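Enquirer: So the sequences go chain by chain: A and B. Here the first sequence is numbered in our numbering, starting from 151 and rising by one per residue. Here the second sequence is numbered in our numbering, starting from 624 and rising by one per residue.
Honestly, the hints are just simulated from the structure, not real lab data. Since the model is a prediction, treat every value here as computed from it, not as a measurement. We put the beta carbon where it would ideally sit given N, CA and C, even for glycine. Check before you lean on any hint, since a few could be wrong.
[Claimed, not checked] With the Cβ distance kept under 7 Å, some of the chain A side facing chain B (calculated, not the full set):
(1) GLY301
(2) ALA396
(3) GLU416
(4) ALA466
(5) THR470
(6) SER524
(7) ALA526
(8) GLN533
[What the hints assert, rightly or not] Sample of chain A residues at the chain B side, in silico, Cβ under 8 Å:
(9) PRO383
(10) ASN414
(11) LEU512
(12) THR529
(13) ALA532
(14) ALA534
(15) GLN537
(16) ILE548
(17) ILE549
(18) PRO550
(19) GLY551
(20) GLY553
[Unchecked claim] Chain B is nowhere near these chain A residues, computed Cβ spacing over 10 Å in every case:
(21) ASP191
(22) ARG386
(23) ARG399
(24) ASN446
(25) ASP552
(26) ARG617
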Amino acid sequence: MKQLPKFLLSAAMVATMATSFSAVEAATPPDTLVQAWQIDDIISLDPAEIFEFTTSEIAGNTYERLINYDYKDVSKIYGEVAESWSVSPDGKTFTFKIRQGKKFASGNPITAEDVAFSLQRAVLLDKSPAFIIGQFGLTKDNVKDKIKQTGPFELTMELDKAYAPTFVLYCLTSTVASVVDKKLVLQNEKEGDLGYAWLKTKYAGSGPFSIRDWKANEVVVLERNPNYDKKAPLARVIYRHIKETATQRLLLEKGDVDIARNLNPEELAAVSKSADIKIDSGPKGGVWYLGLNQKNPTLAKPEVRKALKYLVDYSAIADTIMKSKGEVHQAFLPKGFLGAVNDNPYKLDVAKAKELLEKAGLKDGFTVTMDTRSTADTTGMAQAIQQTFAQAGVKLEIIPGDGKQTLTKYRERRHDIYIGRWGADYQDPNTNADTFAANDDNSDNAKAKPLSWRNAWDPGPLTAKTRAAVLEKDAEKRAEMYKELQQAVLDDGPYVIMLQEIEVMASRKNVEGVVIGPSFDTNSVAQAKKN
Amino acid sequence: MAGAPSLSQPSGWRAWLLSPEPGSRWQARLGRFYLGWRSFTRNPLAVMGLGVVVLLILVAIFADFIAPYSPVIGGDLRTQRLLPPSETYWFGTDDQARDIFSRVIYGSRITLWVIVLVALIATPIGLLVGTVAGYLGGWVDTVLMRITDIFLAFPRLILALAFVAALGPGIENAVIAIAITSWPPYARIARAETLTIRNSDFIAAVKLQGASTPRIILGHVVPLCLSSLIVRVTLDMAGIILTAAGLGFLGLGAQPPMPEWGAMVATGRNYLIDQWWVAAMPGLAIFVVSLGFNLLGDGLRDVLDPKAAK
Numbered sequence: 151m152k153q154l155p156k157f158l159l160s161a162a163m164v165a166t167m168a169t170s171f172s173a174v175e176a177a178t179p180p181d182t183l184v185q186a187w188q189i190d191d192i193i194s195l196d197p198a199e200i201f202e203f204t205t206s207e208i209a210g211n212t213y214e215r216l217i218n219y220d221y222k223d224v225s226k227i228y229g230e231v232a233e234s235w236s237v238s239p240d241g242k243t244f245t246f247k248i249r250q251g252k253k254f255a256s257g258n259p260i261t262a263e264d265v266a267f268s269l270q271r272a273v274l275l276d277k278s279p280a281f282i283i284g285q286f287g288l289t290k291d292n293v294k295d296k297i298k299q300t301g302p303f304e305l306t307m308e309l310d311k312a313y314a315p316t317f318v319l320y321c322l323t324s325t326v327a328s329v330v331d332k333k334l335v336l337q338n339e340k341e342g343d344l345g346y347a348w349l350k351t352k353y354a355g356s357g358p359f360s361i362r363d364w365k366a367n368e369v370v371v372l373e374r375n376p377n378y379d380k381k382a383p384l385a386r387v388i389y390r391h392i393k394e395t396a397t398q399r400l401l402l403e404k405g406d407v408d409i410a411r412n413l414n415p416e417e418l419a420a421v422s423k424s425a426d427i428k429i430d431s432g433p434k435g436g437v438w439y440l441g442l443n444q445k446n447p448t449l450a451k452p453e454v455r456k457a458l459k460y461l462v463d464y465s466a467i468a469d470t471i472m473k474s475k476g477e478v479h480q481a482f483l484p485k486g487f488l489g490a491v492n493d494n495p496y497k498l499d500v501a502k503a504k505e506l507l508e509k510a511g512l513k514d515g516f517t518v519t520m521d522t523r524s525t526a527d528t529t530g531m532a533q534a535i536q537q538t539f540a541q542a543g544v545k546l547e548i549i550p551g552d553g554k555q556t557l558t559k560y561r562e563r564r565h566d567i568y569i570g571r572w573g574a575d576y577q578d579p580n581t582n583a584d585t586f587a588a589n590d591d592n593s594d595n596a597k598a599k600p601l602s603w604r605n606a607w608d609p610g611p612l613t614a615k616t617r618a619a620v621l622e623k624d625a626e627k628r629a630e631m632y633k634e635l636q637q638a639v640l641d642d643g644p645y646v647i648m649l650q651e652i653e654v655m656a657s658r659k660n661v662e663g664v665v666i667g668p669s670f671d672t673n674s675v676a677q678a679k680k681n
Numbered sequence: 624m625a626g627a628p629s630l631s632q633p634s635g636w637r638a639w640l641l642s643p644e645p646g647s648r649w650q651a652r653l654g655r656f657y658l659g660w661r662s663f664t665r666n667p668l669a670v671m672g673l674g675v676v677v678l679l680i681l682v683a684i685f686a687d688f689i690a691p692y693s694p695v696i697g698g699d700l701r702t703q704r705l706l707p708p709s710e711t712y713w714f715g716t717d718d719q720a721r722d723i724f725s726r727v728i729y730g731s732r733i734t735l736w737v738i739v740l741v742a743l744i745a746t747p748i749g750l751l752v753g754t755v756a757g758y759l760g761g762w763v764d765t766v767l768m769r770i771t772d773i774f775l776a777f778p779r780l781i782l783a784l785a786f787v788a789a790l791g792p793g794i795e796n797a798v799i800a801i802a803i804t805s806w807p808p809y810a811r812i813a814r815a816e817t818l819t820i821r822n823s824d825f826i827a828a829v830k831l832q833g834a835s836t837p838r839i840i841l842g843h844v845v846p847l848c849l850s851s852l853i854v855r856v857t858l859d860m861a862g863i864i865l866t867a868a869g870l871g872f873l874g875l876g877a878q879p880p881m882p883e884w885g886a887m888v889a890t891g892r893n894y895l896i897d898q899w900w901v902a903a904m905p906g907l908a909i910f911v912v913s914l915g916f917n918l919l920g921d922g923l924r925d926v927l928d929p930k931a932a933k
């Protein structure tokens, strides 16, 4: 009993300390924006290598590109580092004029030399996103001749074909075309690696923020770049790696973070009731779809493909399991892309599906497997689809697996049905048309393996149409061509495209000006502030 | 009064059971069983454990009559999803608008099936390996025991994971994986028991009568090892349930929409804060059944293990 007063005293001390600490920690500093996010996908901070969701966004906030587009209206393209550009009469040579007087975060001026170096470097390093520039006939051997500096503030880029100018320009808005500080990068070059080893974890750009620090699976810290034209209101932006969504929610509710990025629908519904929290969302360039392997003789029947499109309860999934994370969208071009078809012709119609199955000689249905990644979203949707399929006698067996397993099987086209997500690589419609509607070689050892190949589908004349669309200069005609392609794929394609992804951020009420852009690299905190 | 004479003079069938001079083998066996049952029922916790196990079996058999809804077909996603426990849905509904009570009820079949299959596969393997190694000794013993060591060197869940990854996900493969990983301890116990028996006089006597080695092992060694093995298997049941649930939780056991308890907890994890019942109800089922088997195992040990008694 002698110990008791001592114990009470220390307990009281601990309690006061705990409360005083929590009082101190309850709010983040007014000039700092803290975001809770799953950032375990970061591999590299080098714009020539960045190809992940998280790093794309970080690059978007820290690097400037030659060209950019209005995040609210994707069709409005403007020069960011470039002041203006022109296309030669034969459509093969682009000339860019660079804005004068701009500076990198390091203080070095931005010149045409830096721009040419950045584009050449992306092709020379040849990492995952290099094809976005490389597809214009640029290779390691010829890139130094094709991309040329022609003056201190002027450069030209020569292509192998006369592509639609918007296609070329959209590709140049991708993160891989970010302008890097040539002088700084070359100072840190090791054995002719063009600064690859150094830039993997460091920063050499000119965007609104600079990257100060990255600790894997812990934190990324951005700091205001004083040399940027339109100075950012915030001094610091911190991305904290919080894996569990429930933890993100608690941190947001307590005010330890300003924005939570990965909340699930139920958590969003719960936090939206709080007076201190608001929810913003915007459509993204990703679509959720089912891929039907045409090597399976049943799925190869056109009636069956069509029947399955009538056997998904699109709106119920969008309203419940994927609430506020996806909206119904059935064409392969997401809303916001040039020529996107936004009317969704299919809805759950069991009678019609049964009729189609009967026509295919499958009156009693059939059994089919679906490779499903074991994540909450995917499994949830898969089970909902399983139930609606069953109403027409289609017995769906779900094969659970982790992302790598299911994807490997899919890429070797050994699946029956695959459920997954496809994200656009750049803002031009060709990015999805190329993969959904074109297949140059459907043999097992084809070189290019687009989604149509993965599902062993030969789109026939659609391939030629896709290739023609990319060369069409007139934007309206081009949009029309993509509409036709989408219609054809909607009618007969081996994909049941269900939803367009929506990005949701739950943030504290005092946060303002965070932009949710149409692609993964266009979530901008450049003009964000806290009141 | 009435009780006193019955104690001193057991009447009817009880007298027959407790007779010091049983007339037949059967009478002797039943007598032993009755004595065991009496000492078992003296432990109320063990009886409770037995009750849980019996209940599990009954629920599994009569699932069709008990469950009010289908375990796999959900209701309307828009209106019946994630409802809290109520009179219509005793355990609430899950993210696919399915009745969790019905799923837990049908899940008992899967659990029971896994336990029985694992016990049927692993026990004979362990028993045979252990008794053969213990009785024959020499290089047979060395080889068999080193193989057992290799299996014992792996953490059980990890080895099961590896097997499932190689065989492909699915409840049958999970059963095989668990069975493959759970026989080594049985082999060890059987071997230890055999070592204490192999030099007994009665074994020497059978040997002198010309009994063959298989006959001695199967007819005389195995029955004597059985009781301690049964105790061990019963105690392991809880572990088997947890491993099966763990595989289900990791998405490698049962395939959706099978109402496997571990898989159900895994789904519920996403709704833990606001819709606690989705994870809590199957979790509770796992807890109760594991506890039941543990209590039953403890009680059985007290009865069957002659060394531990008194």
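Enquirer: Next, verify each hint and record whether it holds.
Expert: Hint check results:
no.: 1; hint: GLY301; in the structure: 57 Å, violated
no.: 2; hint: ALA396; in the structure: 5 Å, holds
no.: 3; hint: GLU416; in the structure: 6 Å, holds
no.: 4; hint: ALA466; in the structure: 5 Å, holds
no.: 5; hint: THR470; in the structure: 4 Å, holds
no.: 6; hint: SER524; in the structure: 3 Å, holds
no.: 7; hint: ALA526; in the structure: 5 Å, holds
no.: 8; hint: GLN533; in the structure: 5 Å, holds
no.: 9; hint: PRO383; in the structure: 34 Å, violated
no.: 10; hint: ASN414; in the structure: 6 Å, holds
no.: 11; hint: LEU512; in the structure: 21 Å, violated
no.: 12; hint: THR529; in the structure: 6 Å, holds
no.: 13; hint: ALA532; in the structure: 7 Å, holds
no.: 14; hint: ALA534; in the structure: 6 Å, holds
no.: 15; hint: GLN537; in the structure: 6 Å, holds
no.: 16; hint: ILE548; in the structure: 5 Å, holds
no.: 17; hint: ILE549; in the structure: 7 Å, holds
no.: 18; hint: PRO550; in the structure: 4 Å, holds
no.: 19; hint: GLY551; in the structure: 7 Å, holds
no.: 20; hint: GLY553; in the structure: 11 Å, violated
no.: 21; hint: ASP191; in the structure: 20 Å, holds
no.: 22; hint: ARG386; in the structure: 30 Å, holds
no.: 23; hint: ARG399; in the structure: 7 Å, violated
no.: 24; hint: ASN446; in the structure: 18 Å, holds
no.: 25; hint: ASP552; in the structure: 7 Å, violated
no.: 26; hint: ARG617; in the structure: 40 Å, holds
In this structure, the hints that do not hold are numbers 1, 9, 11, 20, 23, 25, in rising order.
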